[in-house]
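Chains as they are written, first to last, in the numbering used here: chain A, -15 to 371; chain B, 71 to 200.
Rather than coming from a laboratory, the hints here were simulated on the basis of the structure. Yeah, the Cβ is synthetic: ideal placement off N, Cα and C, and Gly gets one too. Don't take every hint at face value.
[As the list claims (entries may be wrong)] Every beta carbon over 12 Å from chain A, so not counted as near; a handful from chain B, in silico: (1) Arg78; (2) Glu79; (3) Cys94; (4) Phe99; (5) Pro100; (6) Arg109; (7) Gly112; (8) Pro116; (9) Val130; (10) Glu139; (11) Arg174; (12) Glu187; (13) Arg198; (14) Leu199.
[As the list claims (entries may be wrong)] If we take Cβ atoms under 7 Å as the criterion, some of the chain A residues that face chain B in the derived model are: (15) Trp119; (16) Gly124; (17) Arg136; (18) Met139.
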Amino acid sequence: MRKVAVIGVGLTKFGELWDVSFRRMMLEAGGRAIEDAGIDGGRIDAMYVGNMSAGQFIRQEHIASLIADHAGLIPVPCTRVEAACASGGLAFRQAVIAVASGIHDIVVAAGIEKMTDVLAEQATEALATAADQEWEAYVGATFPGVYALMARRHMYEFGTTEEQLARVAVKNHHNACFNPCAQYQTEITVEDVLNSSPVCSPLRLLDCSPITDGAACAILAPADLARKITDTQILVAGVGQASDTISLHDRQTLTGLPATTKAAEIAYKMAEVGVRDIDLAEVHDCFTISEIMAIEDLGFCKKGEGGKLTEQGETAIGGSIPVNTSGGLKGKGHPVGATGVAQVVEVVQQLRGEAGKRQVDGAEIGLTHNVGGSGGTVVVHVLRRGG
Amino acid sequence: MGVPRFWREIPNRYNLIGTRCGTCNKIFFPPRYICPSCRRTGKLEPYKLGGKGKIVSYTVTYVAPNGFEDQAPYVMAIIELDEGPKLTAQVTDCSPGQVRIGDRVEMVFRRMGQEGEDGPIYYGYKFRLA
Ligand SMILES: [Zn+2]
């Protein structure tokens, strides 16, 4: 198996991009990544694109061909990868596997979602298809509702408070203020969150990530080749993926995602790192409770102590384990298929020391954590600055 | 969505019929057709559940999906049935503030929702405090 490195990354602005089409968004992120890598696009051997539901959001399937076509890269093979909100993370993983195997050299991992061409309620309905349609959606459960069931149980078992949940949103909005690509570059307060309208108790509007347009792109190469192309090598040190039941009710626990723990265990082992070696993490905060569970399941603290860790400021930039320096899904925005790749973009920029005002000093090892649905798919990557 | 999609699950939804693995005796609801423990050596047969259980977690849904708007705010819960399996269901015939984790509940047969104004009306299980 060959070692794999990230040689270029690119991101569009995240937000309501009414004047930019799906295909233009993809080209913009891709163009930035190519420019960042400093290579000619003609060297690309294959592409993997994470996308949850162009069919529902823009009534367009077969986006792999569309993207290869409009990127001017015919006949390079392009493959769409889907695992709901984990589509981007899985596309990145497939690209890593393609390079590691030796089948391809320069491979694009991209992610994209155009969510605002439909009404907000249609977008919400499209997102709900990540849950079990027969046994969750049929009975009236919504996507925020499923996470609310986890939040309620977490509060019941561990005394996690609504204020601790709110602090996740406040921190991530704060970080997003330093990210020019973020959807929301505005501060919010704990009171703002607690006074926002209820969605599914205990979750309120400001506990939820927004509906977002955006695209992200990373370019991978074998490490030997990357050394000749880039100055600062960013190695993909570990990749881990795990599945779980599609329905929340079929799990033993409601207070964490077992697939996170499993995927992290695999990624840590492959990267030969312990949880204490991680300098920063981009985790899947689709809801505030999701980040609290993620930091526990990844091992940054004991189960049940995620609320406290957040409250103590340990997950802020400058804390012991900065989480979602980009602003996370909450502040940066959550174009579902793009999110997993956008997380990689942030970690790469951090490890290169290019994150500006949100830079984590001396960051050498970073982690990404991308979740599909209520935890039916989880993918974790460990990235490391190389020599 | 076509009517057959809902029609084919009617026995399970109306009567709370799951499956039971004859090899390891584990009971599944919603029904499974492969036992995750026994896989090819499993022997799954229909199994009717009693419809009694307790609330493991709950949420009050204020922002309802299409077809459920007129019911909001309503309580959704994960319920652990006395036979072991857990399911997601609405808790009905109560005020949203009334439900607590650990409360005993029992199944009732109810109208679930409707697809559009002229679309099919769906029925199935809800639960009420026992
Ligand atoms: Zn069995």
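Against the structure, the hints come out as follows:
Once the 12 Å rule is applied to beta carbons, Arg78 of chain B is inconsistent with being away from chain A; the minimum gap is 10 Å. Not every CB of chain A lies more than 12 Å from the CB of Glu79 of chain B, the least distance being 6 Å, so the non-interface label is violated. Against the 12 Å criterion, Cys94 of chain B stays outside the reach of chain A, whose nearest CB is about 16 Å from its own CB. Distance to chain A contradicts Phe99 of chain B as a non-interface residue, since its nearest Cβ pair spans about 9 Å, not more than 12 Å.
Not every CB of chain A lies more than 12 Å from the CB of Pro100 of chain B, the least distance being 4 Å, so the non-interface label is violated. With a cut of 12 Å on Cβ distances, Arg109 of chain B stays outside the contact zone with chain A, its closest approach being about 15 Å. Against chain A, the non-interface label of Gly112 of chain B holds: every CB pair exceeds 12 Å, the least being about 16 Å. At roughly 16 Å from the closest C-beta of chain A, the C-beta of Pro116 of chain B stays outside 12 Å, upholding its exclusion from the interface.
Once the 12 Å rule is applied to beta carbons, Val130 of chain B is inconsistent with being away from chain A; the minimum gap is 4 Å. For Glu139 of chain B, the condition that its CB be more than 12 Å from all CB atoms of chain A is violated, with the nearest at approximately 10 Å. Distance check on Arg174 of chain B: its Cβ is at least 17 Å (rounded) from any Cβ of chain A, clearing the 12 Å threshold; non-interface status holds. Listed as a non-interface residue, Glu187 of chain B keeps its Cβ farther than 12 Å from every Cβ of chain A; the least gap is roughly 17 Å.
With a least beta-carbon separation of about 14 Å from chain A, Arg198 of chain B lies farther than 12 Å from that chain, consistent with its non-interface assignment. With a cut of 12 Å on Cβ distances, Leu199 of chain B stays outside the contact zone with chain A, its closest approach being about 17 Å. Because the smallest distance between the Cβ of Trp119 of chain A and any Cβ of chain B comes to about 4 Å, under 7 Å, the interface hint for this residue holds. The interface hint given for Gly124 of chain A is met, as the beta carbon of that residue sits about 5 Å from the closest beta carbon of chain B, less than 7 Å.
Contact between Arg136 of chain A and chain B, as hinted, is supported at the beta carbon level, the nearest pair being about 5 Å apart and thus within 7 Å. A least Cβ separation of about 9 Å between Met139 of chain A and chain B goes past the 7 Å threshold, and the interface hint is therefore violated.
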